[in-house]
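Chemist: Here is how the chains run, residue by residue.
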Amino acid sequence: ETGVTQSPTHLIKTRGQQVTLRCSSQSGHNTVSWYQQALGQGPQFIFQYYREEENGRGNFPPRFSGLQFPNYSSELNVNALELDDSALYLCASSLPGLSSYEQYFGPGTRLTVT
Amino acid sequence: KNEVEQSPQNLTAQEGEFITINCSYSVGISALHWLQQHPGGGIVSLFMLSSGKKKHGRLIATINIQEKHSSLHITASHPRDSAVYICAVPSYSGGGADGLTFGKGTHLIIQP
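First to last, the protein sequences are chains D and A. Sequential numbering of the first sequence, starting at 1, is according to this note's numbering. Sequential numbering of the second sequence, starting at 1, is according to this note's numbering.
Treat the hints with care, as some may be off.
As the list claims (entries may be wrong) - Listed next, with one range per pair, are the computed distances between beta-carbon atoms:
(1) F18(A) to T14(D): 45 to 51 Å
(2) N77(D) to R58(A): 38 to 44 Å
(3) Q17(D) to I60(A): 42 to 48 Å
(4) K104(A) to R22(D): 25 to 31 Å
(5) Q9(A) to Q18(D): 33 to 39 Å
(6) S7(A) to T20(D): 34 to 40 Å
Honestly, the hints are just simulated from the structure, not real lab data. Cβ coordinates follow ideal geometry from the N, Cα and C atoms, glycine included.
Make the full structure from the sequences, and use the hints.
Modeler: If you want it as structure tokens, here you go:
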């Protein structure tokens, strides 16, 4: 059973650019959630995908978008990058139902926007 | 929306000490997560619990659903336990697709 992986590990982008972050879920998990963690803060929920559909979203603007593929891997896309988007981006996979199933977190992608 | 409070925010202790980290939340839930984050960012899930107590090695987690409170204990603490410990709960009482709400974390340092 493989764990959750994310790529790239680190990334530096310039304000206004676009970025794509990738996540491969734990084997058998059909739900993936993405979180943003600013320095010194707890993670904030961006959105969740279940069976290739977005089924929940936090307080993030539309320039944060995502995709989930049939193999349950996932992407987070951020357009028109702003300096405040600099953060650690975490994905977590699980079986459906956050109250019932354990979340498995990836190691994160650290994004720096200059 | 659930609010999560953790205490203490920072804790420095000597190797071997018994450690307690507390977490309170505002909206009734059916399960709570304890997570560990080391420098560099990766998060590891330690426990998910919905009642009573769970134990894994030197780590013990307890939860009181009625009081909306959970504690994480570390027995015989060791410098390798130094990390940020975070509790997280479903953002809304219905759980589902609204993600987790996280506490700000407890930064634990165990000195040799």
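Chemist: Next, verify each hint and record whether it holds.
Modeler: Okay, the hints, checked on the actual structure:
For F18(A) and T14(D), the hinted distance range of 45 to 51 Å is satisfied, since their beta carbons lie about 49 Å from each other. For N77(D) paired with R58(A), a C-beta distance near 41 Å keeps the hint of 38 to 44 Å intact. Distance hint check: the CB atoms of Q17(D) and I60(A) are about 46 Å apart, consistent with the given range 42 to 48 Å. Range check, K104(A) to R22(D): about 28 Å between beta-carbon atoms, so the 25 to 31 Å window is met.
Here the CB-CB span from Q9(A) to Q18(D) is close to 36 Å, well matched to the stated 33 to 39 Å. The given range of 34 to 40 Å is respected by S7(A) and T20(D), whose C-beta atoms sit roughly 38 Å from each other.
Checked against the numbered hints given earlier, the structure satisfies every one of them.
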